[in-house]
Amino acid sequence: MKRTIPVIIVSVVGTVLVLSVFFPPVQTMGEDFSLFFDIIAVFAFFLGGGNLVRIHLVKIYRKRPDWGFSVVTLVGFFVTLLVGLGKLSVTGVTASVTAPDSFLQTIFVNIITPLSSTMYALLAFYVASASYRAFRAKNREATILLIAAFIILLGRTPLGMKLTGWIPEWLSILQIPNLAVWIMNAPNLAGQRAILIGVGLGVVAMSLRLILGMDRTYLGSDND
Amino acid sequence: MRRITLIVTAVVVVLFIISWIIKTNTVPEDGTFRPFIQGFLVTFAAFLTLAIMSFLYRDNPFYKFAEHLYVGVSAAYAMSLGFWTTLVGNLFPRISQNLSDWFGVPFLHYEWHFVIPPILGIILLMRLSPKGGWISRWALAFIVGTTAGLNLPRFLRSDFIEQISSTFLPLLVQWQGVGPFFSNFSLAASGQFIAILTNITIFLGVLCGLIYFFFSKEHKGVFGTASRFGIWVLMVTFGASFGYTVMGRISLLVGRLTFLLKDWLGIIS
Amino acid sequence: MTNIGVYISLLLIFGGLLAILIYSLKGRDVDRRIIFLFVLFSVASAIIFHIEFEESATPIVKKVFEFVENLPPESKILISFDFDPAMKPEVHPMANAFVRHALVKGHKLYLMGLWPQGQALMTETIEYVLKPEFPNAVYGEDYVMLGYKAGNEGVLNVIITDFRKMYSTDAHGTSLDSIPLFDDVKSAKDMDLIFPVGGGKPGPKEWILFVGDPGNVPIAPGLAAVVAPLIYPYYPRQAIGLLGGVKGAAEYESELKKNYKEFENVETPALQMMGPQTMAHIVIMAFIVIGNIGFFRARRRKWQEGN
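Residue numbers (numbering that gives the first Met the number 0), protein chains in the order written: chain A, 0 to 223; chain B, 0 to 268; chain C, 0 to 306.
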């Protein structure tokens, strides 16, 4: 039962959703399943939150290294949850929870935005460091990669036009911005399409395996 | 080491307070606490930005503080939005008139089968329990089944059939004969030759790229040559991706520095 | 003063790069924190000294612009805010420019999102762009904010047949039946154009797969630079055009400025970012070249020693 019922659920749900594309009578059921999925997704958020609280409470209780920062996590979590679920500073229970002067919007603008943006902005520095240390034209393929990258880096800025704007119209493909556009519209498109077709086939095969019950890795081990 | 930490912390606190005072004075007075709060919020946002950036030097308590705060706040934000938009918006109007009235959303009509998702949701939450965790597989199975069922026809159509169809391009574009082709020959970006080259590159590039990924046959002879061309096309693809990735990451940095220089320090208008 | 600042910055940057080159030629490794400082300095100086350039739209961006231009008045356009603050600097300007273009042409806007953070960013667009610049735009008649819904592609699978099944109300709790914009809208298929803005999952790709292709609705994605190359295969049959990264946003902003005098003085953050972007690109290309020079020199030295 522990393993059979989930396999049956996957098969039934997957089959209904595939059939809903082709058979209108099944379409309503397919839409309902999609709505179920949306609602369960919210419970998945709650699962994530609950797991977060559990991990950090254990860390604080057992006084593991850096347990003080777990307090920061929990305080941030519960304050935001209170503000969000309670719709604090939002006029009217039906108003948007992200109304302009709401506490949740304030938290978003002044805490989530700087933290999220800066986390990813750090990657700019690591890209520069990787460019210096790791990108080597060791062989023909790597050289092609670097040349393409150079043309794109130049072509996606106004510098490319400033450097090659003098090239006459009948040779204008050699102007870096035009070359960059051609690279994106021709070889890049071709390569990405080849990858897309391969990945698409992989997704179709995997989905079929899941619906037919041939793949049960999502069940985990029997020790769960 | 501890003394250095204390000194650095003290300096940060002093700078924070100075910034708070300065930013409070830049917001027009309106007789409320608003300038005071605005000053604090801008300073706090700048502090968090610099705390994350301090990781570039090395890991430190300020970075850890910011990182841990981010984790907690983000999780709660998603939960709040999910609750109000989807549970209140989609679930309550279908299962309870009282709940709908309480939350101020229009009641739709009873759909008894909509008690299934909250049951599955609670089953999913059982994952937190050490002993009852096995039953959460039922909810996970529903999620897996939905994803598989939604993806199968759409990926087949859009990522396979449509992509193959889009690759069937005319290889001789605007063709009016060999004479006009050579008499009007140019390397103009919008010219005939480049249009032909583009379509040929796309057609051959897709074909050879797919040949490269076919590992069931040894890459020798004509097949090997096609595979080699495929690798070159893929290398151009990865080079283009690298260029765009650099552009994307730099623009995030520009955005953050603009905030620090404009909104916090006021160096630029 | 600004020009002197630019020249001094360029002098310092190129001087520093020369120093790094000499260092590398001697076979020594540069500390990564020096590299970080370089990147920081080059970007900051370009921001401080307002290094700006003009832009012109490439064909792939022009196609989107012209499509909006050629839509009949009062066409229905759906914009999906599928991004978070990590993508905001490059895609939010796109969304704002697009909102301006759509409203100045008299089109109707439907704003929704598949990411939780998208709802807050939608609020920012409405408060700081839409309301101040279009004070005559009436909520419910010219634009509507549907808000965020959880469920990724599950949301799209429902709205392709019935909007009201997923969104019984807008983000403010008003029933869709009492919003004039939804009088003749049943599903996403009734949209004349969909502009999904984002770069993760769910995002523009899901819109093409779940709405654009099955519903035959024109899609014009606004993409973060990281995912832009991945969406090119869908162009031009499944996506009418696309805006890729901050360059795409800058091109759209410049087209808007060229064609509409009323937008001559609006804030153009994407155009302003192209200067710092260029400086950073120069620095990174220089690092690649310097790194390779050092690598080849070391390899040649080893080969000579081996002989």
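Hints are computed from structural coordinates only; laboratory data are not their basis.
Remember, it's a predicted structure, so these values are computed and weren't measured experimentally.
Keep in mind that a hint or two might mislead.
Simulated restraints on C-beta separations [stated by the list, open to error]: (1) Asn50/A with Thr25/B: 15 to 23 Å; (2) Leu14/B with Asp30/C: 25 to 33 Å; (3) Ile160/B with Asp28/C: 30 to 38 Å; (4) Gly49/A with Tyr127/C: 30 to 38 Å; (5) Trp169/A with Glu68/C: 29 to 37 Å; (6) Gly14/C with Gly223/B: 46 to 54 Å; (7) Glu140/A with Leu14/B: 29 to 37 Å; (8) Phe202/B with Trp302/C: 38 to 46 Å; (9) Asp28/C with Leu81/A: 35 to 43 Å.
No residue lacks a Cβ here, since even glycine has one placed at the ideal position from N, Cα and C.
Exercise. Find the hints from earlier in the document that the structure breaks and name them by number, from lowest to highest.
Key: 1, 3, 7 and 9
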